[in-house]
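There are 2 protein chains.
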Amino acid sequence: MRVLILGGDGYLGWPTAMNFAAAGHEVTVVDNYLRRRIAEATDSEALMATPSLSERAKIYHANSGHEISVRIGDLCDPEFMFDVVRDTTPDTIVHYAEQPSAPYSMRGFREARETLQNNLDVTFNCIWAVKEHAPDAHIIKLGTMGEYGTPDIDIEEGWIEIEHKGRKDTFLYPRAAGSLYHTTKVLDTDLLWFYVRTYGLRVTDLMQGPVYGISTDEADLDPGLCPNFHYDDIFGTVVNRFLVQAVAGVPLTVYGGGGQTRGYLNLRDTLQCVRLAAEKPADTGELRVFNQLTETFTVNELAERVKGAGDKLGLNVEIRSIDNPRKEKEEHYYNPVYSGLTELGLQPHYMTDEVLIEMLERVRVQSHHIDTDRIMPRVRWNG
Amino acid sequence: MRVLILGGDGYLGWPTAMNFAAAGHEVTVVDNYLRRRIAEATDSEALMATPSLSERAKIYHANSGHEISVRIGDLCDPEFMFDVVRDTTPDTIVHYAEQPSAPYSMRGFREARETLQNNLDVTFNCIWAVKEHAPDAHIIKLGTMGEYGTPDIDIEEGWIEIEHKGRKDTFLYPRAAGSLYHTTKVLDTDLLWFYVRTYGLRVTDLMQGPVYGISTDEADLDPGLCPNFHYDDIFGTVVNRFLVQAVAGVPLTVYGGGGQTRGYLNLRDTLQCVRLAAEKPADTGELRVFNQLTETFTVNELAERVKGAGDKLGLNVEIRSIDNPRKEKEEHYYNPVYSGLTELGLQPHYMTDEVLIEMLERVRVQSHHIDTDRIMPRVRWNG
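Note that the protein sequences, when read in sequence, are chains A and B.
Going left to right, the first sequence walks through residues 1 to 383 as the numbering used here numbers them.
Going left to right, the second sequence walks through residues 1001 to 1383 as the numbering used here numbers them.
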């Protein structure tokens, strides 16, 4: 199939592109390097240098024989979005093209506005490009488990039947996110649902938990194909931060009480999920939602896991609670359903000691590049 | 109190401004005349000529002795929004400044994008202006009953307690609107709720049904103070369209089956509701939601009411069903709760024969200006 990957330069976008190409699909990636610019401006560059998209496409071609087409441009510009969709006539559009940092979105007015406008404009332009120029294309949109927040009832997969005063109806599961970034994904969902039911688009919305991992079959072919590994407070997710702290010999910084529970998944499983969704698409007029995670644990449990793996490597890891920069519950109920993708065929890779040790070893090779200053929270929105 | 009215040139904005001024409050109105420009561009001007805001402020001052300050500018520009809020230091901000037409928002890509960007940008800038420059100001946001759509369970006032698998939690009532315009109000609600719970803003969100009426105590002082009376398919709501059709001697055009039920209110009651909300504000950190309507009926019932009133005036009114240009259920359950504003003190003005006859008589004076071409649907989004 023809696959168009919006945000193809990202931590998930690039490995996804290679994965589809390896499976014999015709892949085009599009990006405007927004994340690179924000990373430079905020001293948050990835630990390993990442070549440009066209350089990476060349390296991948040399190693695999597979071609990936690259287009650089801003998908907030409707003309560019429409051109790309017209030119590539995709069967599947994987939409990752959003400003992905919660702390950045909470830094101030300028950053909040940039996040809101970028994320909504790209989603809106993508919807209209499909409606006008590729009405049968299947949009796979990356949402986040963070859209739901931490409600005191079970989190269903996108939809919930509500029984109220003796009557019943089914609704989008109510959402209440913890940052403006996560809230833009809620708005995306609302927009997609409106256009799906009005114009019969076909959309899969993947509510993803925090992803970890730097190894995929394709990325492992060459160091230049490594996913962007961010460990800073802006782009680094909690697993990456802990791994780098373990290697750097500074305490793992748990935000607040550490009882925050989230659903995690390995980068390899993100690739599987997106492929499964693409190969078994949503129906016309369907907004299909999956919760994309393979296991849940608290931040404290995660810190203990990283410590356990680090200690086996002789790293002598410490754990320290620091003031929580975020506004979030530190003790809460958390019981998400996540059976849909397993039913489609997902074979999970869990966070074993082996997986953590392999990541620690790859980080250790780069330890001279670690700047521990950028790991501590530089943005606060908790009072 | 100091009251800032965003969108002060509108059908509701201008009467609200006069009403607050008459009660002794210090009022500033802001508008960029977007609705006037769209009305000109789409042949949808109001039936009665409406002077500019500064002319209306002069006429009102001459008739009442009350001052209303006028600022013309685009609230999508954050610098302008911030300046206005800094300069006026409002206690209350009434936010009407949105592109208000559902059909216009469904006309095509350009109009949809304009609606999304205008409505979200103004709400976002308003939130930040309050957060940064007037943190204690109370925002009164005009939402719409259309945010909820037509669910098969009772519509609560903004919030719902959900009992699910033996546990309970309270959520924003799920929303599923019928046009992009209505969907932008859903996004507004999501954004407001995020910033209310994160930064402790105080917000009242009024879920309003279709408003009718051209008479208020202040508007009746001079013909130049009349609210913008739109009867076209773009800006005219169903009551206004029916009244003009009755006067023009053309059949009242019911969209489809006519079983669509909505909650209506008199313009005088909108003014009461907004005043009551302002004088009894939401608490810090509260998103207070009221359903703003005083009675519900189907489109068929509404047509019969207008026919009844018209026949008393000897107008010999006919009713005709036409293809529904909108995508909406034509038979559905509809049971909204709307007790909150009554508890605050609202004294409803119902849609009596007297009220309809008075409106018909005022339309009849202008009957030579009626252009019946602009009443029929010019925008379709039903397949």
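Source of the hints: derived by calculation from the structure; they are not laboratory data.
Even for Gly, the Cβ is constructed at its ideal location relative to N, Cα and C.
Errors might be hidden in some of the hints.
[Stated by the list, open to error] Stretch-level coverage of chain A by chain B, calculated; a stretch enters the list once three of its residues show a Cβ under 8 Å from a Cβ in chain B:
1. 7-14
2. 104-113
3. 123-136
4. 175-186
[Stated by the list, open to error] Think about it this way: if two alpha-carbon atoms lie no more than 20 Å apart in a straight line, the pair counts; the simulated PhoX-like pairs of lysine-lysine are:
5. B:K1168 with A:K329
6. A:K168 with B:K1168
7. B:K1307 with A:K168
8. B:K1131 with A:K168
9. B:K1165 with A:K165
10. B:K1327 with A:K327
11. B:K1327 with A:K165
12. A:K131 with B:K1327
Query raised in the report: Which hints from the list above does the structure break, by number from lowest to highest?
Result: 1, 7, 8, 10, 11
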